Structure formats: structure tokens, C-alpha cells
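Student: Residue numbers (the working numbering), protein chains in the order written: chain G, 1 to 341; chain S, 1 to 341; chain X, 1 to 341; chain Y, 1 to 341.
No wet-lab data here; the hints were simulated from the structure. Bear in mind that the values here come from a model prediction, so they are computed numbers and not experimental data. Wrong hints could be hidden among the right ones.
For identical chains, the list gives no copy identity; a pair is met inside one copy or between any two copies.
[Unchecked claim] Straight-line Cα separation of at most 35 Å, DSBU-like style, residue types lysine-lysine; simulated pairs:
(1) Lys260 with Lys195
(2) Lys118 with Lys70
(3) Lys305 with Lys260
(4) Lys202 with Lys305
(5) Lys195 with Lys215
(6) Lys202 with Lys77
(7) Lys215 with Lys260
(8) Lys215 with Lys70
(9) Lys6 with Lys77
(10) Lys70 with Lys199
(11) Lys118 with Lys260
(12) Lys305 with Lys77
(13) Lys215 with Lys6
Protein chains: 4
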Amino acid sequence: MLVVMKANATESEVQNVCACIRDLGLTPHPIPGQSRVAIGVTGNKGPVDPSRIASLHGVIELIHVTQPYKLTSREMKPDDTIVYCGDCEIGGPEPVIIAGPCSVESRSQIIDIAQEVKEAGAHMLRGGAFKPRTSPYAFQGLGEEGLQYLSEARDETGLPIVSEVVDTDTFDIVEASVDIIQIGARNMQNYSLLKRAGKSRKPILLKRWMSATLKEFLLAAEYIMSEGNSNVILCERGIRTFSDFTRFTLDIAIVPALRKLTHLPIIIDPSHPAGQRDLVAPLGRAGIAVGADGLIVEVHPEPEKALSDGPQSLTLEMFRDMMSDLESFSPTAHRDTNVTS
Amino acid sequence: MLVVMKANATESEVQNVCACIRDLGLTPHPIPGQSRVAIGVTGNKGPVDPSRIASLHGVIELIHVTQPYKLTSREMKPDDTIVYCGDCEIGGPEPVIIAGPCSVESRSQIIDIAQEVKEAGAHMLRGGAFKPRTSPYAFQGLGEEGLQYLSEARDETGLPIVSEVVDTDTFDIVEASVDIIQIGARNMQNYSLLKRAGKSRKPILLKRWMSATLKEFLLAAEYIMSEGNSNVILCERGIRTFSDFTRFTLDIAIVPALRKLTHLPIIIDPSHPAGQRDLVAPLGRAGIAVGADGLIVEVHPEPEKALSDGPQSLTLEMFRDMMSDLESFSPTAHRDTNVTS
Amino acid sequence: MLVVMKANATESEVQNVCACIRDLGLTPHPIPGQSRVAIGVTGNKGPVDPSRIASLHGVIELIHVTQPYKLTSREMKPDDTIVYCGDCEIGGPEPVIIAGPCSVESRSQIIDIAQEVKEAGAHMLRGGAFKPRTSPYAFQGLGEEGLQYLSEARDETGLPIVSEVVDTDTFDIVEASVDIIQIGARNMQNYSLLKRAGKSRKPILLKRWMSATLKEFLLAAEYIMSEGNSNVILCERGIRTFSDFTRFTLDIAIVPALRKLTHLPIIIDPSHPAGQRDLVAPLGRAGIAVGADGLIVEVHPEPEKALSDGPQSLTLEMFRDMMSDLESFSPTAHRDTNVTS
Amino acid sequence: MLVVMKANATESEVQNVCACIRDLGLTPHPIPGQSRVAIGVTGNKGPVDPSRIASLHGVIELIHVTQPYKLTSREMKPDDTIVYCGDCEIGGPEPVIIAGPCSVESRSQIIDIAQEVKEAGAHMLRGGAFKPRTSPYAFQGLGEEGLQYLSEARDETGLPIVSEVVDTDTFDIVEASVDIIQIGARNMQNYSLLKRAGKSRKPILLKRWMSATLKEFLLAAEYIMSEGNSNVILCERGIRTFSDFTRFTLDIAIVPALRKLTHLPIIIDPSHPAGQRDLVAPLGRAGIAVGADGLIVEVHPEPEKALSDGPQSLTLEMFRDMMSDLESFSPTAHRDTNVTS
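With the rest of the complex left out, here is chain G:
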């Protein structure tokens, strides 16, 4: 940490700040500058609570140098984490495609979609059973029945399944049924849920909240890892900005930026930022081109009849087109090795 003093701070104010730093068990390093003094702080094992220092007379600003995330950090673990799930490797040499409907709507719906997306080249199946909805009056999902249908779709196709958990009360039954547990954007800072996920032995797909900073995103993953679960997949799904022609703004640069800071795999959800199906495939291609480890995409055979997220669901034909487009990307080219070196 660096303590920046006001231009007119007195010598005794500087001494007082140094004394307070020593009081906290740390070491002050005053650096006299042309217009002001700054004081470097070392010796901290973890983040220092800045409030004691920030309030002292003569202090104008505190600047944090050491990052608060540890277990998620590439400094702690230089090698990439690969999350294994059935035959899939998320974070390995080839991008992984997870596809399926927003919501599980019926037994036949999910089994049919599973077979279709598998045939088109998808590696995993997604489908919502418990749905977080903005309005209390919207369809809330089939719940346990939906999980049962997902299991049957897995049995039929062999595709591992990904489904969202929305609270600690229903965590156990979701955990028992699925291969990867998704934590949605709205729950990225639901700390009770993150801690429960940290006690699970199943991989966690953690979506970035629409206004989370990169640092908050990593700290949410840190909550899970600090409870013992190191199989975390990060997922960018768009942020909230003034730009109003899409539902959210896909913050695509977070993929190479995260690659430098963390060893965890990173995938892209192109469906939610698009909000309309004809933008999904271009965003998906961009996601792979920027270096993501995979995509999670909403697909529905009859989007106009979908009970949720119909406008942004790809038709099966559009999904097949996207998959064949993606084949033109060389399999090893999706990872930018420069940024991790």
C-alpha cells in the first residue's frame, strides 16, 4: 500500500502516519517528493484495513498495490486450471460448447434438443430448472421435475449437464443431479450461496454480475475456492452500460485480461448480451477469437414458443451454422499464448 500525503502536510503529520502504520504491525517507508511525501507500506500478510490510516490528518489518498485475491491468482498457481467433466476439458486445447434451452419445458423438449445440439457438435447440455426471474409473475421453471428431465437427456445422449442453482435451500438437489452447477449473474455476490458452492465437489460455472468489476469477479471465485472447491469456470455474459441496442454490452476484453491474472478457465455467453438471436453467432465467433475456453449458448427448436428468453435463442439451424463457422478457427488458435507468458 502507498499512502499519499497532502502537498502541505507537516512533518509531524507524516510522523503520525508512520507511527500508525507501525502500530498496525507494518513498516512505513517515507519517500520525500518534489511537491509532497508518499509513504510505502510493507509487511502486510493480507489486505490492510485502510480506514485507520485514511482518516489521519494530512493524508490525501491511499493506493493499494497487493491484490486481494490469492487462490484465484496466477501468481499463486502459474499453470492453467483444466476443469474435467466427463470427456470434456474446460480450459484445455479445444473450446467447449455448452448448448440448450433457457428453460427445461418438458421431457421431450429437452431430450430432443439434447440430441440435436449433440449432433451439431455441442459438448455439454444446458437447461434451467430453477429460474431467477425479474418479475414475480414470470415463469419460474419446472424445478425438480426439470432436473429429472435433464438427467434423462444426459442418459440418452451422454452429454454432461449444466443447470443453475438459485438458493441454498435447493442446492442439494441441483448438486445431486447436474455435472456442472451454474451460479447466475444476479447471485455472483450472494455470499451464502458462494460458500455452499465452495463445499461442493462439483465444478461451478460462475457468471459475472452485470456490473461487477474484474476484481469483484475474481473475489467471488475466491469465496468458492477459499472453501475448498477449486473447479471454478468463469463466464462473461455482458455488462450494463448506456449502450442500448443490445441487452447488455459483451465485455470481451475480460478474456485476455483474466488470462493474465488467473489460472481459471473463462467462457463466454453470447446469448444474454445479444438479446436477439441474429447477434449471437457473431458474438460467439468473437468470443472464440478473443481466446475464450468455450461458449454457453441458448438454443431452442421453436424460439417463438419458448417460455423464456425466446428472442435470444438460436434456432437449431442457426446453431448448426455457428458450429460450422467455428470449425474454421484452428483448434489451437483460440488461446492467445502471448498473454499468459
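With the hints as your guide, set chains S, X and Y onto chain G.
Tutor: This is chains S, X and Y only, laid out in the frame that chain G set:
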């Protein structure tokens, strides 16, 4: 709802959209324009799922006219809701000031602060016992012990107490202890928590999530009200924007904007957006001037020793100054009667 | 400036950075920390171009300590600047109210409004003659004819006049006619215009661009001051955010934040962020309560017939109501003396 | 346009609105709904000024249906515009790469870079001679001398040159020297400059301002086209959001979104949003993958010595690597033909 057709939509595409609207049990009203046709939709009892229509050929855009919130709406209940709590009326003629530390830190700390803020004119006491923290390594609150100290502070001073609930597991014990249950910004879309709050008979102070739209904010309140609890207090606490000199941007215009749309009372938290104590009193004054029903403010006798949010906590002296500043506002002037008429 | 090294930076990388700093004529101060080294840099007379250092091996981040603005800074000039204009003092003990229509539409329109707003207590008259419009097909203002009518309105009422300049070509004629030259938000980084304004001897009212940071705003003022014109009035008029119930989000906290950093006066435009007239008076009250030195407000006797910005223009009755509301604010209370001390 | 009436609007209020619409020479179409009346408006040749209607009693909202841009619209001109420049086709089947330093710094610097980027596969040369800088104390470019060196670099290599124009005063000399005239983000709403550009016969590369909506971006192009210059190239270069790990957030979805609305070509600047060189190539790949017609990239042989934008400039080696990466993209795959059909 209004369905806007493409400029070159054919007559048969228009007919097809009308047929689909009738299929949904609704009535289409085509309006031929100079460059395109639009189709008004009436007869809907609740929100119409737009996905079936949006995907039809020739449709360029859907525009929603009826709002999805109902119980929170001033159209449903024209008179202001007043939330009663002890002797306080939130939403009544005089603004209510809720003050106290970010976290309860000890028995003597909270009782001392309670006495001081009461003497300075505060109407209620705030203090966190269960704390949601961005980092898993930060102080997480005293939990039940903190609630016990809050109760003792209420016994000593008579001030009603406000404290945050962070999950459904600990809801019962918070509910049993406090007078107003706070739901923090990060939990504004934690629907399990909102539903549980809707079953409580205690008032709920609902904070706006840092990237919630006005509509999402009202729908979160709608979740609570739709479960039977109509004592909801809305609280603006700053949104996340590019503007980086404060912790969050206080979106002060939401007070008069909400006043037109909802009968619920609205208060302002000037501490979290400020992020630094010398901006708190100006933002608090602005909050009352814009017409808020009250303020919730962080106060600490020794902010430099606070275990959380020290930099933005007012000292007792600053709090007393702010309270005497606020007295110069005429008691009835804080509500802009024009906007509700 | 502070140079932060990577955790695994080698001693020779640190030495190389120090050599480069010395090369630039500056002094390096290495501070060895627990997990990494940071290097303080002193001796810079002005801002250091960071690119030479940022690219060296082992460097992870550069942190700037000295601010790039100088003439606008309160550190350079601790006393408040007061801009004098006729009998008005902008930045003095009483807030100044500037009112008038968005556009000058006719001789009688502007003279009538001038008389009405003067009677209601306004101190200055605003009115656009050259209008920057988003669409090339919208009304572009009366130009020189509009300036002529403004002058006549001043002659009739004695109110000083404020009008916008949109380019260097028409600067001379605007400058010759008006008492205060307004530079609009869209031109805040039009450096040719700022430099021309810096050569003027008339006061400049500089509006904040809807996505300017506080620092960019001060640097735009610095452009004007660095050419010799120190009569600059800063004006906050709302920023662009995701929040969509108003036209812009009024970033009210910038008033006390600027007060700490600069000696220049700061006013608020409540009309443009509101975008609808019934939010203007609440935002205006909040602007004065937060400590602004005045307001600039759009007023029109028949807003439904206005050629521009009708929806956000106050009627004369609403303006009179707002003025009488503002009288209840104690004249000396609008400035928060705490933040400047 | 659609006029939405309040739920409790009276019949005479509806009649009054209809009368006002007829007064404006337009035709009202009342649509009685379950909870309220809406009134469709047709017959407008251009955008209707809404203020006259918005202020009438009983009106709650106006909704615009017809878009304000015309000449830029794909509805007006269904076929893609191709901008020809020397041998280059911007908007044709293959993406065009424009590369070069942020600023022209010397004769040898720009000629050397031109030769290097040409050899690596670039199609055009960029370089700033007149530089808009946030701080008045930063390097402002070589001006006319820089343009002279650019011309020499073109003579040596045959690469067409792109350079920025910053004001109307220097427009003529920039126009005389360059092949494509760039209008920077900060000047996207400098209407005098746009009008001057519209009178030029050289192609205009128009950058999106960091907080422009899609609609404002197209209206800026409309300003140029409405003066007679139809050779406009749109360029996305990142928007301002809360997300702080990059300099700007690349809003990549605007490429397919614009493709649907306009016939103009669209390129991506990956350098400014990145702000750091190791993110530039991933963003460039994403730009081509999402369907852009080309890239404009900052390249410098010794970025650590660059006079501006050093941190985000690619080294020549990194540029060569990016170019060979881009070759793996099939030449015809960069345009998503689905979205234009």
C-alpha cells in the same frame, strides 16, 4: 403493447402477426402509417410474453405500454404508503434519520453511538450484525451477538433498530430482533430472500442494487408485496457508472421519479455513494432537498478505528452539524407535492 | 509517480527501470515490499510520459500521484474564484440563477421571457442562438439574429446574457454580443474552441461532457486558463449511464468533490438531466442544497410550442414556484464550508 | 409516433390530443386499450417535434417509431457501400488493415514504419499529425510537417494514408494531403467539422464517441452524408463504462447491429479500448470474427519511446504475429451474411 412492422413488411406478414395476437387471446389493432404498419395490442390481463410475436416475419420491434409492476404502482394505490415503526412515520410529513455504525463492533460501541445519535436528533439506529463483504478475508460481522447488542441499545435509548439480513438461513433470527429488516443492494435480486421477506410482518428496507433500473427496483419490491408484506421502504444508495471520484454515483432523480410511479416511501443513503466522509453531509442535504422521506447514514465516533466503511463514516461532530443544517429545511418542503399530483 | 514491479521481477529488471527513470532526469526511490518492489519517482516538473517506463520488463503498473491540472487547482490558488458579471457574483455568497428558453425563437419571445424571469428573481438570462443539434434535420437556431434579440432583452431588463458558442468561425460574433460565453457539453474536448475561449476576456461557462471524468473536466478548464482566461465557471449537466428514466444522470456529488480540488465556481443545470419538466425543480433544489454556486434552467412560457427542449422547460409558474422554494434555503448555507477547509 | 395516454385520461383529453395532432398536419389514430388509450400518429414527412404533444394533459409518454436517420439507412440503400481508396476496398470481401504510429514523430520514423507494416500485410498507413490531447501540456503533433512526412511515406510504399483532422481551420491542408480523413471520437458531435467533411470529396473515417448511442453515431454520419459526401467509414473504438481494467470497453456487438441498419462499412480500432498492447491482438481477432470490414491499429517499432499512446502500440513483431493469425480466418467468413439478409 405495440408491434412495429418493418417498412417493407407484406400484407400477409401483418395478417399473420394479427392472427398470432388473436391466438394469444388478445385483440390486434393495425395502424397503417406512411412508412410502415404498427399494430396495437389490447386485452392483456398481465404482461404478454413477447417472444412468440417478436420472432414472426416482418416484425422489427415490440414496445411495451403497460408496466409489469402492479402492487407497487401508484395507479393501483394513489395515496402514499406510510410505514409505521415505533413513533416513527416513514413517508409522513417529516424526514426520518436513521444513523449508526456500519458494523456493530461491541456492546459499548453500539450503546454509546445510539445515545449520541439520539441526542443529535436521529430517529432510528442502524448497525450491521451480518455483513456481506466483497472479500472472503474481510470482517464478516458479529452475527447473533451483534443483534443482541443492538437490542440492548434499543432498550437503553428507545430508538427502533434497522439491521441487514443476508440469507434465508439467518432470516428468522434477524427478524426476531430488529424493527426494520434491511435487504442490501447485492441481494436486491435474491428472489428467495425477497419471497421470505414478503412473508414477514416487519417492514423491509430494500436497497437499490448498483446497476438496477428503476423498473427492476420496483419489481424487486413487487416480489415482496406479492407475498403479502406491503411495508416496503425503497432506498437509493448510488449506482455504478464510469464516474470515478466517488464510490458510486448517487442517482438522486430517482426520488421524484419514483414518487410519480409508486406510493412507497423512498429514502437516501448518502454514505455509500460518497465513499469519503466529507461528501456525506452535502449528499444528505441534497437527498432531503430532492424530496426523500429520510436518510440512512453511517456514523462512528472513531471512524479511523472502524472495522468496516470507516472512510465514509461521519464523526459524531459531523453528524451533529448535518442534523442542524437539515433543520433549516422547512419540514413540509421536503416533499414535492407537484410531482405526485 | 509510483512504478509497481511484478512479484517475480528480477533485481536487474528493477535496476533497469531505475536507470530509465534517471535517464528521464528524474530520481528513482526503490521500496522493497514483502511480495514485490515498488519504485517512487520524484523530480518531475510536469507530468511524466509513462510510456517509456510502462513497457520495460518486470513492470506491472504505473500509478500517478501528482495531478496534471495546475492552474485550476486549489493547491495553486487556495481562495475561491469569483466571476463578476454586471452586478452578479458567481462563486460569491449567494447562488446565482440563470434562466431562459433553450432557443431564442423571436424578438418578443425572448424579451417577454426576460421580463418574466427577472420578476421571478432570476439574475441572468440564457438563450441559444447557435444550436448544436444531434440530427441535421432539427432546428439549428436563429444565429446572429438571435444574438441581436438577446441584446435587446438585456437592454430592456438589465439582465446579463449567456449564450452558447459552437465553433471558432462564429466565436467573434457571439463574444461581441454576450456577457458569458457558454461552451456546451459536446464541445468540452473541442480543443481549438477551448484555446480560442482562453484568448477571450469574457467569462466562459464550461459544461461537463456527458462522459467526462472529473479529471478531464478540470483539464478542459485548464486549456482555457492556460491561454490566459481565468474566468471559468464549471457546470454539471448530467452524465450518461445505464439509468434510463431520466435523460442523463445528474452527478451531484461532483459539486463538493470539485470544491476540494479547484477554486473555480460550479453551477448545476437541472434541466438537461431531468429531460422532463416535473423533475427540474427537485433537482434544482438538490443542486443548491449540495452547495452549487447557482443554477442554469430552461424556462418557456409555452413549452408545448418550444422549438427545442420543450419537454424539459419549466413553465413560468413552475419557475416562480421553484424560486420561492429556494428562498427557504439560508443564503449562506448553500456552500459547505467544511469541504474547502 | 405513438402517444400513450394516462390510465385515467378523460375522453376530452384524448380529443384534445387528437386535435393538436391534426393541427400539426398529421393524422391521429386512437386505439382504445383495456387500461388506457394510445394514439398512433401518421403522416409525418420527417421527425415530429414531440414537445407540443408531450405537454398536453393526460399524456404519459411518447414513443417514436420512425428512425431519424435516412441517408445512412439500409432501408434507403439496401446494398453495401464500398469505399474505394487506391487499390483498397473498404466494405468489400476482404478486411482492410490500417496500421501505423499514433503520432508522426519524424520523417524516418514514419517511412520506416510504413515499410515494415506494408511488408507485414497492412493495406493502409495511419499516423497523427494534428493531435487532440486531453492535457494542454501534452505533445500536440508535428502539424503540417507531419503531413509532409506522411506523403513521403506514401510515395515510398504506395500505401494510402489516413490522418486525423481536428478543426475546420486546418481541414483544407489535411484534406489536401491524405487519402482518408479521420474524425476522432471527441469530434463526433462537432457539427461544424462534420458539415465541412460533408463537403469534401475524400472518404471520411468517423470514430464513435465514447458515449455515443448507436443512433447518435448514425446521425453523425447523417450530418456528413446530408452535405453530399457518401464515402463514410464507421469505426468503433470503445465506450466508457464502469469496467476499469481496460481504457475503454470495446462494444463489439455494434458491428452486426450496424450491419442491419446501415449500408456503410464498419471497422474496429482495437488499440484505444485495450490501452495496453497485449490485449490488442485478441481484440483485433475478435473484431474480424464479429464481421468488421477492417482494423485500424497502432504500431510502433519502439513503443517505450513513443511520444503518445506508447503503452497500447503493438511492436512490429506483435503486429506481424497478429497479421499471420488473421490469415487463418477465411477471407469471406468475416462478413456475417445472415444479419444483412
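Student: Each hint should be assessed against the structure and marked as holding or not.
Tutor: Consistency of the hints with the structure:
1. For the identical chains of this complex, lysine 260 and lysine 195 are intra-copy neighbours only, at 26 Å inside a copy versus 40 Å across copies, given an alpha-carbon limit of 35 Å.
2. With identical chains, the CA atoms of lysine 118 and lysine 70 are never at most 35 Å apart, being 37 Å at best within one copy and 43 Å at best between copies.
3. Proximity of lysine 305 and lysine 260 under a CA criterion of 35 Å is satisfied inter-copy only: 25 Å between copies versus 42 Å inside one chain copy.
4. Proximity of lysine 202 to lysine 305 under the C-alpha cut-off of 35 Å is restricted to the intra-copy arrangement: shortest distance 33 Å within a copy versus 41 Å between copies.
5. In this assembly of identical chains, the alpha carbons of lysine 195 and lysine 215 lie at most 35 Å apart whether taken from the same copy (18 Å) or from different copies (30 Å).
6. Taking CA atoms no more than 35 Å apart as the test, lysine 202 paired with lysine 77 passes inside one copy only; the shortest distance there is 21 Å, against 48 Å between copies.
7. In the homo-oligomer, the alpha carbons of lysine 215 and lysine 260 lie at most 35 Å apart both inside one protomer (13 Å) and across protomers (29 Å), since each shortest distance falls under that limit.
8. In the homo-oligomer, the alpha carbons of lysine 215 and lysine 70 lie at most 35 Å apart both inside one protomer (11 Å) and across protomers (32 Å), since each shortest distance falls under that limit.
9. In this homomeric assembly, lysine 6 and lysine 77 come within 35 Å of each other (Cα to Cα) only across copies, at 15 Å, whereas the closest approach inside a single copy is 39 Å.
10. With identical chains, the CA atoms of lysine 70 and lysine 199 are at most 35 Å apart within one copy only, with a shortest distance of 18 Å there and 40 Å across copies.
11. Both within a single protomer and between protomers do lysine 118 and lysine 260 lie at most 35 Å apart by alpha-carbon distance, with minima of 32 Å and 31 Å respectively.
12. Only between protomers do lysine 305 and lysine 77 lie at most 35 Å apart by alpha-carbon distance; the minimum there is 34 Å, versus 46 Å within a single protomer.
13. In the homo-oligomer, the alpha carbons of lysine 215 and lysine 6 lie at most 35 Å apart both inside one protomer (28 Å) and across protomers (17 Å), since each shortest distance falls under that limit.
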